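Could you build all of it, start to finish, from the sequences and the hints given here?
The chain contents come next:
Number of protein chains: 2
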Amino acid sequence: MYSTPSLYYNKKSFSKINKHTNTKSTSMGEVKVLGAWGSPFSRRVEMALKLKGVEYEYMEEDLINKSPLLLKHNPVHKKLPVLLHNANPIADSLVILEYIDETWEGPPILPKDPYERSKARFWAKFVDDECLPAMWKACWSSGEEREKAKEEAVELLKFLDSEIKGKKWFGGDNIGIVDIAANFIAYWFGIIAEVVGLVDEVITQEKHPNLCKWIEKYNKCSFVKENVPPKDKLAEKFKDGSPPPPPPLNSAS
Amino acid sequence: MYSTPSLYYNKKSFSKINKHTNTKSTSMGEVKVLGAWGSPFSRRVEMALKLKGVEYEYMEEDLINKSPLLLKHNPVHKKLPVLLHNANPIADSLVILEYIDETWEGPPILPKDPYERSKARFWAKFVDDECLPAMWKACWSSGEEREKAKEEAVELLKFLDSEIKGKKWFGGDNIGIVDIAANFIAYWFGIIAEVVGLVDEVITQEKHPNLCKWIEKYNKCSFVKENVPPKDKLAEKFKDGSPPPPPPLNSAS
Chain A
254 MYSTPSLYYN KKSFSKINKH TNTKSTSMGE VKVLGAWGSP FSRRVEMALK LKGVEYEYME
314 EDLINKSPLL LKHNPVHKKL PVLLHNANPI ADSLVILEYI DETWEGPPIL PKDPYERSKA
374 RFWAKFVDDE CLPAMWKACW SSGEEREKAK EEAVELLKFL DSEIKGKKWF GGDNIGIVDI
434 AANFIAYWFG IIAEVVGLVD EVITQEKHPN LCKWIEKYNK CSFVKENVPP KDKLAEKFKD
494 GSPPPPPPLN SAS
Chain B
254 MYSTPSLYYN KKSFSKINKH TNTKSTSMGE VKVLGAWGSP FSRRVEMALK LKGVEYEYME
314 EDLINKSPLL LKHNPVHKKL PVLLHNANPI ADSLVILEYI DETWEGPPIL PKDPYERSKA
374 RFWAKFVDDE CLPAMWKACW SSGEEREKAK EEAVELLKFL DSEIKGKKWF GGDNIGIVDI
434 AANFIAYWFG IIAEVVGLVD EVITQEKHPN LCKWIEKYNK CSFVKENVPP KDKLAEKFKD
494 GSPPPPPPLN SAS
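Residue numbers (my numbering), protein chains in the order written: chain A, 254 to 506; chain B, 254 to 506.
Since the hints were derived computationally from the structure, they do not count as laboratory data. Since we're looking at a predicted model, the values are computed, not measured. Among the hints, a few may not be true.
[Unchecked claim] Computed list of lysine-lysine pairs in BS3-like fashion (alpha-carbon distance at most 25 Å, straight line):
| no. | chain 1 | residue 1 | chain 2 | residue 2 |
| --- | --- | --- | --- | --- |
| 1 | A | K378 | A | K331 |
| 2 | A | K460 | B | K331 |
| 3 | A | K390 | B | K378 |
[Said to hold, decoys possible] One-sided excerpt, in silico: chain B residues whose CB lies under 10 Å from chain A:
| no. | residue |
| --- | --- |
| 4 | A344 |
| 5 | L347 |
| 6 | V348 |
| 7 | E351 |
| 8 | Y368 |
| 9 | S371 |
| 10 | F375 |
| 11 | L409 |
| 12 | F412 |
Cβ coordinates follow ideal geometry from the N, Cα and C atoms, glycine included.
Next up, the structure:
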C-alpha cells in the first residue's frame with residue numbers, strides 16, 4: 254500500500270470531483286479523499302477533516318470499476334476510504350482518524366490523557382469489530398441467523414448504552430472518535446432498518462435509553478447533518494435490490 | 254469495562270502470581286497484567302512493558318475458570334490480556350500497546366512521525382484482522398476449507414514480506430508495534446505448524462524470503478527469547494487434543 258506514494262492520478266477515473274473549501278486556511282498541504290458517498294467509513298474521514306477545518310478534494314470512487322489510484326494506494330484491501338496527504342496514502346478509517354488528529358490543529362478527535370485515549374480507542378474498535386458486523390448481519394440475513402444476529406446486536410449495543418450514560422457525546426462535551434466511528438449506528442442503521450423491516454427490533458428505548466438519546470442528539474446536530482448522505486438517496490440505494498456490501502462492513506469494498 | 258476501576262482482587266483467583274522486577278525504577282505506578290502464558294496477545298503486552306523497563310505484576314488467568322477481576326475489568330470481551338495501571342483497566346492488546354507507549358518513557362513502540370505512525374497502525378491491524386484469522390484457520394480446519402485458508406494466508410503474508418523487505422525490523426532499526434503484534438507469525442505459528450503438519454506450506458522461503466529472514470532474526474533475538482513461552486511447553490499445549498481457541502484469535506478467550 255505505502256510503497257510508491259504518488260500524486261499522479263487520472264481524473265477520468267473518478268465520476269465526481271468536488272473541491273471543499275473550509276474556513277480555516279493555514280498551510281495544510283494537498284489533501285484528497287477517495288470515498289463513496291454512501292459509505293459511513295468515507296464519511297468518518299470527511300467528518301474528521303471538517304472538524305479540523307482542513308480543505309480537501311473529494312473524489313468519488315466507482316466501486317464496481319475501481320480506479321487505478323485506489324488499487325495503487327490500497328493494494329492490500331482495495332477498499333475505501335483512502336486519504337492522500339501530500340501524496341502519502343493512508344487507509345483504514347480508524348487509522349486515518351488518528352492520523353488526522355495527529356497532523357492538524359483544531360478540535361481534538363481523541364482525548365489528550367493516555368487512559369482516556371485508550372478508552373476511546375477501545376470503544377471505536379468495539380463499534381467496528383463487534384457492533385457493526387452484528388447489526389449488518391441482522392439487516393441482511395434471514396430466519397434463525399437473523400434472530401441470532403439481532404440478539405447479539407442488542408446485547409452489544411447495551412455496552413455502548415452504558416458507556417454513553419450521563420455523557421453528552423462519547424467524546425465528552427465534544428464529538429470525538431467514537432461518535433464519528435458510530436455514525437452508522439446513529440444514522441445509517443435507522444434508514445436501513447426501515448428498508449429491511451427492523452425498526453424497533455434492534456435499538457430500542459427500553460433496552461438502550463441512553464443510546465437512543467445520543468442518536469436523537471446526533472441526528473439533530475447541524476455538523477452531523479452536513480456530513481451524512483441524504484436519507485432518501487440512502488434508502489433508495491438499499492431498496493434497489495442490488496446485493497449489499499459483504500459483512501463485516503469495516504470499509505467499503 | 255471501564256466503569257468501576259478498582260484495585261481490589263482476590264489473590265486466590267489466580268493460579269500464579271509473579272513479580273517481575275526490571276532494572277528501570279522510575280515512578281511508574283502499580284502495574285498488573287492479567288494474562289495467559291501461552292497467549293501471544295498477553296506476551297505482546299509483557300514484551301512492550303519490558304521494552305520500556307516497566308515493573309509489573311503478572312497474574313496468570315485460568316481461562317476455564319475466569320477470575321472475578323477479569324470479568325470485572327473486561328466485561329465486554331471477557332478476554333485477555335488486561336493491563337491494570339493504578340487500578341485503571343485497559344483491554345485489547347493493540348490498545349494496550351499504544352497506552353504503554355504513551356505512558357512510559359523508553360524505546361518507542363510507535364514511530365514519532367504521524368505518517369509513519371499510521372503505517373505502523375495499519376500493519377499491526379492487518380496482522381490482527383487479516384493474517385492471524387487466515388493462519389489460524391489454516392491450522393485448525395481441514396479439507397477444502399484448509400486449502401482455501403492456506404492460500405489466503407500465503408497471499409496475505411506476501412504483503413508483510415514486501416513491507417519488511419530491506420528493513421531490519423518492521424519498526425525500522427528497532428522492534429516496534431508491528432514486530433510485537435506479529436509475534437504469533439514469527440514464533441507461535443512455526444510451532445503449531447509442526448503439530449498440525451503445515452511446515453513449509455504457508456510461510457515459505459520461495460514466497461516470503463524477506464519475512465523468513467525476519468522470522469529467523471526475531472527468534473534469535475535475546476529480547477524476544479525472554480518474552481515467548483518455551484517451545485516444548487507450547488507444542489504440548491497444542492498437541493494435547495483439547496479444542497483450540499476459536500478464531501479469529503484476536504485475544505485469548
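Which numbered conditions among the earlier hints are violated in the structure presented, ordered from lowest to highest? none
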